[in-house]
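Chains as they are written, first to last, in our numbering: chain A, 1 to 505; chain B, 1 to 505.
Treat the hints as calculated values from the structure; they're not laboratory data. Any given hint might turn out to be false.
In this list, chains with the same sequence are indistinguishable; a pair is considered to hold if it fits within one copy or across any two.
[To be verified] Keeping only pairs whose Cα atoms sit at most 30 Å apart, straight-line, the calculated DSSO-like set for lysine-lysine is:
id: 1; residue 1: Lys494; residue 2: Lys8
id: 2; residue 1: Lys54; residue 2: Lys384
id: 3; residue 1: Lys275; residue 2: Lys494
id: 4; residue 1: Lys37; residue 2: Lys384
id: 5; residue 1: Lys101; residue 2: Lys463
id: 6; residue 1: Lys384; residue 2: Lys290
id: 7; residue 1: Lys54; residue 2: Lys290
id: 8; residue 1: Lys315; residue 2: Lys54
id: 9; residue 1: Lys290; residue 2: Lys406
id: 10; residue 1: Lys315; residue 2: Lys37
id: 11; residue 1: Lys463; residue 2: Lys275
id: 12; residue 1: Lys315; residue 2: Lys304
id: 13; residue 1: Lys37; residue 2: Lys494
id: 14; residue 1: Lys406; residue 2: Lys315
id: 15; residue 1: Lys494; residue 2: Lys304
id: 16; residue 1: Lys37; residue 2: Lys406
id: 17; residue 1: Lys504; residue 2: Lys54
id: 18; residue 1: Lys504; residue 2: Lys8
id: 19; residue 1: Lys54; residue 2: Lys494
2 protein chains.
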Amino acid sequence: MTVQNIEKWAIFEVSLEGPSDGNPYLDVTLEAEFSLKGRSIRVPGFYDGNGVYKLRFMPETEGAWSYVTRSSSSALDGHQGALNCVAPTGNNRGPVRVRNKFHFAYADGSPFLSFGTTCYAWTHQPLEVQEQTLQTLAASGFNKIRMGIFPKHYPYNTNEPLHDVYEVIDGARDFDRPNFESFRHFEGQIGRLMEMGIEADLIMFHPYDRWGYADMSEEQNYRYVAYIAARFGAYRNVWWALANEYDFLLNTMPMDWWDRYFQILEEEDPYRHLKSIHNGFVTANYDHRKPWVTHSCIQNWDVKQTQAWRDRWGKPVVNDEPEYEGNLIQSWGNISAQELVHRFWTTMMRGGYAGHGETYWNEEEAIWWAKGGLLHGEAWTRLKWMRELLEQDVKGGLEPLGEAAKFPWSRVSGAADVESGTTYIYLGEHQPRIWTTGLPVEDGDYQLDLIDTWNMTVTPLDKATPPQGVAIRHGSVTRHGSPDAAFAVELPGKTGLAIRCRRKG
Amino acid sequence: MTVQNIEKWAIFEVSLEGPSDGNPYLDVTLEAEFSLKGRSIRVPGFYDGNGVYKLRFMPETEGAWSYVTRSSSSALDGHQGALNCVAPTGNNRGPVRVRNKFHFAYADGSPFLSFGTTCYAWTHQPLEVQEQTLQTLAASGFNKIRMGIFPKHYPYNTNEPLHDVYEVIDGARDFDRPNFESFRHFEGQIGRLMEMGIEADLIMFHPYDRWGYADMSEEQNYRYVAYIAARFGAYRNVWWALANEYDFLLNTMPMDWWDRYFQILEEEDPYRHLKSIHNGFVTANYDHRKPWVTHSCIQNWDVKQTQAWRDRWGKPVVNDEPEYEGNLIQSWGNISAQELVHRFWTTMMRGGYAGHGETYWNEEEAIWWAKGGLLHGEAWTRLKWMRELLEQDVKGGLEPLGEAAKFPWSRVSGAADVESGTTYIYLGEHQPRIWTTGLPVEDGDYQLDLIDTWNMTVTPLDKATPPQGVAIRHGSVTRHGSPDAAFAVELPGKTGLAIRCRRKG
């Protein structure tokens with residue numbers, strides 16, 4: 001028997017024939033132990049219908065792996081095999097992990113600057129729309145997408161989904177019988193995103209439902225979470241998002257269920273993918289300090305609070321809904337493109353990550369934020385450009401230049417990459433004619449550039465002489481009223497500008 | 001002897017000759033009891049130099065008043081007189097008071113919507129600049145000005161003041177000897193503002209000093225506050241502002257001094273003018289709940305927090321520094337005109353009041369925010385228009401339409417006048433194509449208008465059909481995902497718009 005070569009962080013799949021009588025989804029257990037030398041990893045298997053059982057393994061170490069299965073069914077128990085894990089190729093950089101406390105990196109060490117978008121129900125639309133969505137994503141600069149496993153029932157979302165997620169038997173959904181075709185389709189789209197280098201931020205629960213998915217029993221929910229972990233966990237681009245707007249479900253899903261979902265993921269996902277939970281009301285944030293939460297995933301328009309959220313939770317902040325660009329009647333979906341670009345810059349210049357969504361109304365109710373399809377707005381091009389610009393320099397993550405509670409960083413935003421030292425000062429609604437705060441306090445050899453975040457231009461800046469302060473003594477304290485600096489830069493006096501300062505040589 | 005007729009809320013002044021030897025500022029006490037029938041009011045007097053002592057009285061009730069003086073000096077003691085208080089005329093509406101908990105009104109009951117500006121040291125500039133300032137104010141729509149009693153030492157403020165506030169003797173200032181000429185000039189300008197219907201928000205202390213005014217002794221400070229109250233209190237347009245940025249003075253003026261200043265004002269100002277204190281750092285707010293504080297006076301750029309501040313202190317919020325329009329190197333003085341107009345609308349639509357300042361750099365360092373002179377920016381015309389627009393309807397004060405912590409009022413801003421019921425929804429950075437949130441939930445006869453806050457236009461709006469929601473049942477809760485409303489309005493899909501809804505008939 002030839003041993004298969006599998007790239008590190010790719011999927012090794014074992015398919016087995018087993019019992020199809022009764023309800024294997026409920027009754028049959030399957031797992032495998034994958035071993036490399038003395039190390040072993042428990043990998044859960046899953047039922048795929050028609051008597052077919054699968055095990056998926058994502059090796060994270062190169063070398064010779066072997067496995068043996070364990071099952072409650074003798075037909076599935078004790079199967080053995082091997083694989084040879086080889087070096088990754090192409091855009092395979094492994095799963096994204098937390099790095100440097102507040103930031104992310106691929107497993108190969110390359111930085112991941114999260115530029116996500118949102119298409120809640122794109123995998124539930126007609127297939128031609130899904131193809132269009134993938135084409136749009138390919139042209140965009142987004143490297144993460146939030147997407148629901150369940151379809152969405154909501155204004156502008158009244159069409160029937162492509163598949164039922166569970167089987168409909170005699171007109172009623174049976175939440176103990178997955179529609180395996182639906183899961184096969186869904187993971188196919190995770191795979192397409194993986195090929196494109198896009199992280200799939202999978203939303204497990206949400207309140208926008210007319211099919212009963214939001215009203216499954218506690219046991220059904222736990223089994224669903226475990227099934228998803230077993231089935232999708234080997235896709236390196238998967239992130240686990242327990243919910244969109246979990247707090248709107250608290251009347252039927254109490255808080256301890258949410259904690260338990262996290263725990264099940266810890267038990268059933270041997271790869272420890274990123275895990276988060278997303279609030280609805282701004283005041284309803286889950287305690288993201290809990291150990292199973294890898295990063296905070298929030299919605300909040302008040303992006304100058306980004307540092308406060310970092311301080312509160314001590315984890316990366318991903319603000320996936322700082323409101324959406326669009327023109328809907330709903331207040332969460334109608335900010336201007338300029339404002340969304342401004343919120344991205346403000347968020348990243350305060351050490352967090354923002355998310356995109358687009359909600360322009362049209363007769364067909366084909367709105368990107370839920371259905372995918374086409375982008376109609378003006379923010380996405382600026383965000384693509386922003387990502388490319390930042391990726392030139394940012395390696396370890398952008399750390400705020402100062403405490404947000406203290407002048408001047410309460411007012412303007414600035415950050416420096418912890419590895420390259422490249423510094424950015426984002427002035428936003430401020431329009432100084434000359435600037436120095438955040439620039440080096442000792443002179444040296446620097447490359448200075450003016451970034452126009454809306455017009456997407458980079459223009460070299462010369463050093464200028466900073467204005468003199470005025471000594472103001474009061475008691476033992478002397479203030480100057482002007483920022484200390486070795487040099488200044490002269491600016492055109494308009495809004496939406498940033499300054500970049502690179503160390504030369 | 002003819003009894004003088006004095007308008008209600010005008011100034012009745014008594015001038016007496018008394019001792020000029022020693023230091024009357026320290027040594028001679030003077031007060032009067034003003035009586036109307038069985039009611040009497042203690043009015044403090046003050047020394048005006050050259051053996052001249054004065055008493056100023058602002059009658060608040062029409063009728064026959066009499067007075068008798070009391071003094072430590074026999075030359076000043078026991079003087080008697082009378083005045084006849086008559087109805088006010090012209091723009092004399094009396095002092096501004098707190099009304100409806102979070103709002104202001106003149107003593108005659110007419111509403112006061114605070115549209116203030118800031119010229120810290122305008123009375124210390126050359127006289128021709130002061131005349132220019134008054135002309136500029138007359139053409140502007142501002143009805144309040146923040147102004148320092150002491151001159152200002154700061155970047156762009158290095159020129160010598162017109163007068164020393166205390167006498168310079170042998171090259172040193174003697175803080176026990178006021179320069180009465182300086183005080184006469186200052187109150188003359190308070191009077192000019194009073195004639196123009198502009199409130200004078202008098203700043204007593206600030207840290208920006210090179211003359212020693214910020215380092216007077218505790219006793220000298222207390223005497224200074226009492227002197228100001230006695231001298232300026234009869235001007236109906238006076239507001240007491242203990243400080244600009246009191247927290248930068250805490251290293252030499254501990255907190256109990258600030259409390260004591262307030263208490264002295266309560267003791268020495270029989271008219272109970274409005275009293276406030278102003279922070280520097282955003283985190284350093286005085287406890288504005290203290291009983292002697294009539295309203296919170298703050299600086300904070302984060303204007304969507306206005307309701308939180310109202311809730312915290314239970315008093316009117318005057319955010320006198322939501323940052324200034326300009327282009328300085330200092331981050332407090334370089335936001336765009338659009339942004340400042342946006343912050344005014346956001347603040348007022350959340351039940352507070354904002355303040356203007358303008359800080360455009362020029363070679364002459366003639367900057368409105370400190371020196372007055374000319375306005376160069378673009379916000380002031382919009383604010384004048386805004387005031388005129390709101391004064392058409394707002395009588396009792398603008399109360400927020402909902403809790404800021406809760407959707408949708410965390411995102412957009414809206415308020416209704418408590419008397420007329422006229423409702424405004426300010427959309428700011430939001431650009432819906434159709435809107436209904438905040439409009440009446442029951443149909444009726446309404447006049448609807450679109451307000452373009454930047455272009456200063458008012459355009460009638462027709463009622464439109466609101467989009468249907470979608471019933472989303474989850475447990476016992478049904479949501480619709482769209483706001484409930486009797487009708488909607490269609491909008492042009494741009495930023496900076498407000499909707500006005502008036503009840504007809």
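At 30 Å max between alpha carbons, let me know whether Lys504 reaches Lys54 within a copy, between copies, both or neither. neither (54 Å within a copy, 70 Å between copies)
Using 30 Å as the alpha-carbon threshold, which applies to Lys315 and Lys37: within, between, both, or neither? neither (34 Å within a copy, 71 Å between copies)
When no copy is named, should Lys101 and Lys463 be tagged within, between, both, or neither for a Cα gap of at most 30 Å? neither (34 Å within a copy, 52 Å between copies)
Taking 30 Å as the upper bound on the Cα-Cα distance, should Lys54 and Lys290 be classified as within, between, both, or neither? Neither way: Lys54 and Lys290 sit 32 Å apart in one copy and 69 Å across, limit 30 Å.
For the identical chains here, do Lys504 and Lys8 meet the 30 Å Cα criterion within one copy, between copies, both, or neither? neither (37 Å within a copy, 72 Å between copies)
If the cutoff is 30 Å on CA atoms, where do Lys406 and Lys315 land: within, between, both or neither? Let me know, please. both (21 Å within a copy, 26 Å between copies)
Using 30 Å as the alpha carbon limit, work out where Lys54 and Lys384 are close: within a copy, between copies, both or neither. neither (38 Å within a copy, 72 Å between copies)
What label fits Lys37 with Lys384 when the C-alpha limit is 30 Å: within, between, both, or neither? Cα proximity of Lys37 and Lys384: none, with 44 Å in one copy and 79 Å across.
Homomeric proximity label, Lys384 with Lys290: Cα distance no greater than 30 Å: Intra 33 Å, inter 51 Å, cutoff 30 Å: neither.
One pair to classify: Lys463 and Lys275, alpha carbons no more than 30 Å apart. Within, between, both, or neither? neither (45 Å within a copy, 46 Å between copies)
What label fits Lys275 with Lys494 when the C-alpha limit is 30 Å: within, between, both, or neither? Cα proximity of Lys275 and Lys494: none, with 40 Å in one copy and 37 Å across.
At most 30 Å between CA atoms: does that hold for Lys315 and Lys304 within a copy, between copies, both, or neither? both (17 Å within a copy, 26 Å between copies)
In this structure, the earlier hints numbered 1, 2, 3, 4, 5, 6, 7, 8, 10, 11, 13, 16, 17, 18 and 19 are contradicted, and the remaining ones agree with it.
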